[in-house]
Amino acid sequence: MSLILRGKVWKFGDHINTDYMAPSFGREEPWEQRKKYILHTHKAFTEGCQPGDVIVAGRNFGCGSSRETAPANLKQLGIGCVVAESFGRIFFRNSIAIALPVMACKEISTLFAEGDQLELDFENALVKNLTKGKAIKGPALSPDLIKIVQAGGILALLKQESQKTPEG
Amino acid sequence: MGMTMAEKVLARTSSRDLVHPGEFVTGKIDILMGHDLSFFTAYELMIQNGYKKVWDPNKIVVIIDHAVPAPNIRYAEAHRKIREYVEAQGIKNFYDAGVGICHQVLPEKGHALPGRLIVGGDSHTTTYGALGVASCGIGHSEIAYVMVKGSLWFQVPETIKFVLKGVMPPGVSSKDIILKIAGQYTAEVAQYKAVEFAGPAAKGLSVDQRMTISNMGVEIGAKFAFFEADDKTIAYLKGRTTQPVRPFGPDPDASYLEIYEMDISSLEPQVAFPHNVDNVKSISEVGEIPVQQAFIGSCTNARGEDLVRAAAILKGRKVHAGTRLLVIPASQEISIQMAQSGVIQAFLEAGAMMGPPGCGPCGGGHLGILAPGETAISSTNRNFKGRMGSPESFVYLASPETVAASAIEGKIADPRKYLR
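These protein sequences, in sequence, are chains A and B. Note that the numbering used here has the first sequence beginning at 1, numbered continuously upward. Note that the numbering used here has the second sequence beginning at 1001, numbered continuously upward.
If you are wondering where the hints come from, they were derived from the structure by calculation, not from laboratory data. Backbone N, C-alpha and C fix where the C-beta goes; we use that ideal spot for every residue, glycine too. You may find that some hints are simply not true.
Said to hold, decoys possible - Covered stretches of chain A, going by a simulated chain B footprint (3 or more residues, C-beta under 8 Å):
no.: 1; stretch: 12 to 21
no.: 2; stretch: 54 to 65
no.: 3; stretch: 79 to 89
no.: 4; stretch: 94 to 101
no.: 5; stretch: 151 to 160
Claimed, not checked - Below 20 Å or equal to it, Euclidean Cα-Cα: the simulated EDC-like pairs (lysine to aspartate or glutamate) are:
no.: 6; chain 1: B; residue 1: Lys-1028; chain 2: A; residue 2: Glu-85
no.: 7; chain 1: B; residue 1: Lys-1053; chain 2: A; residue 2: Glu-161
no.: 8; chain 1: A; residue 1: Lys-137; chain 2: A; residue 2: Glu-85
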C-alpha cells in the first residue's frame, strides 16, 4: 500500500474514545445503519465522511476500550490516516496491526482546520497542510512498526515471515 | 543499573539483562487471555489466515463473561463455537459462562503470578498489575498473532510512580483513590507509561482494593499498572497455584520519569461525571442528581470486599422507589462466599436485583441498559456517552459504597452517613 496519504480533514478534539468509534448500541445493525454511529459525537462527520478523508485530532485519541473494531470501522469508512496530538496506546497498536497509518504529532491541531487537505508521508513522519502550505515533521516511527503497516498489518507480516522460513 | 518492574519483565521475556525505556523488544508471552468477544474473533481470524494450532494451549486462558448467559442467538452461537475451539486446541484453562468476569477469574484461578507478562483481549487486563504482573490489553489481530507466535513486540515504557501516604478514612475506598488521581492528573497522566503504585498507603491496601486501582490504570493511559508483590500477594495466591510465588518489585535504584505523592488521609468519596473518567468531583461538590439505576458490579469493583462494604450500608434499609439497584458479583466463588455470609440476603432484602457473574450492563451489553434521559451511578470503569445504553443517558462512576448510598436515597449520596 502507498504510505503517502492525502485527504480532506475532519477535526476532532481531545479524549475521543474507542466506544465512540465502535459503540455498543447499534452493534447488531447492518453496516449501512451502523456506520452512522461511528464517531457519533461529531454529527457532520457521520453525515459527510467520504472514503479517502482523514482525521486530525487532539490529545488521547482512541482512549478507552481495546476494541479493534474502533480502527477497523474507521478503515471500513475509508479513512486514510489519523494524525493526532497523542493516542491511547491500545488504539495506536491496533491501528498499526490493521495497517491504518497513525502518527502522533504534538502541534497538529493548530495546523489544520476542518476541510483542509492533508498529506501524510508515513515513513518519513512528514505532514503537510496542502490548503495552507504548512508542513511539520513529527517524531519518527520505529522501522519495526512501519514494516508492519507496509506489509498490510501484523497478520500479513506474520504470513510473509513464515513464507521465508522453511518450517512455515 | 536498576530496573523498574516493567523493565524487569520486558528484559526477562526478551532474554536481555537490561532494557531501557524507548527500546523495542520482542517479549515471550506467559499467558494470553481472551473472552467471548476477543477470543472468538481472534481465533476465527487465526484459522482464516491458515494456522491450525495455537503455540501453547497451556498458556491460553479463555473466559466467557461479556454476555452471560447468552442474551441472543448470535452470542449463543459464538459461545457454542468457543467451546468447540478450546476443545479442538486442548485449551484446559477454559472458564465457561457463570464462572466470572475474566479479570477476577484469571487471578482467582492462579494464572496471574508476580513478574509474569500477560496480554489479554480486554483493556482492563491491567488489573493483574495488582499482583505484580506486567499485563495489558491488545486487539484481536494481535491476539491471533500471539496465538501463533507466542510473542509480541513491545516498546519499553517509561515508568511513573504514585506514592500513596496516609490512612484511608472510613467510607472511602481504593476506587476513590484512583478517581481522585484521574481527576487531579487527567486521563493522560500515564499515557504509554508503566505506573507503580507505592508508599505505605499502597502497601496497606488489600489485594482486592489494589485490583480496583490497577484495573482503572488504563483509564489514566497506563500500559502496565503495578503494585509490588508482597506478603499480601503471596497470601492471596496461597492455594490458587502450585507454582512458586515470590515477592516482586522494582530495584531500589530504578529510574522514574515522574514521582507523584498523594496523601489520602483527607480523601472524600469521589464521583466521575459524564462523559469522561477524569471529570471528577468530591462528593461534597456533587449536588442533587437523581438516579434511576444503581449498579454494583464489573471487573473494577465487584469483589468480595466491595460487596461486603456495600451490603453493610444497605442492610436493613431499602432501595429508593424509582431507582433500580443491580448487583453482579465478579465470580461464582465470590457469589458463594457472599451467599454464605448473608451479604446476598442483605442485597435482596433491600430490593436489589442479583445478576449472574459477568460484565452485565457495564459496556452496554445486557442486564440493565439505560433508556434516553436516564441516569445511572455505577461502580464500573467508564462513563463515555452511550456506554451503558442510549447515547442520551448519563453514567456517573463511584465506589460500591457510594453506589449503595445512592440507591437508598434515589440520588447521588455520601456513603459516610450510613456507616455503622
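Each hint tested on the structure:
no. : hint                   : verdict
1   : 12 to 21               : holds (count 4)
2   : 54 to 65               : holds (count 5)
3   : 79 to 89               : holds (count 3)
4   : 94 to 101              : holds (count 3)
5   : 151 to 160             : holds (count 5)
6   : B:Lys-1028 x A:Glu-85  : violated, 31 Å
7   : B:Lys-1053 x A:Glu-161 : holds, 17 Å
8   : A:Lys-137 x A:Glu-85   : holds, 13 Å
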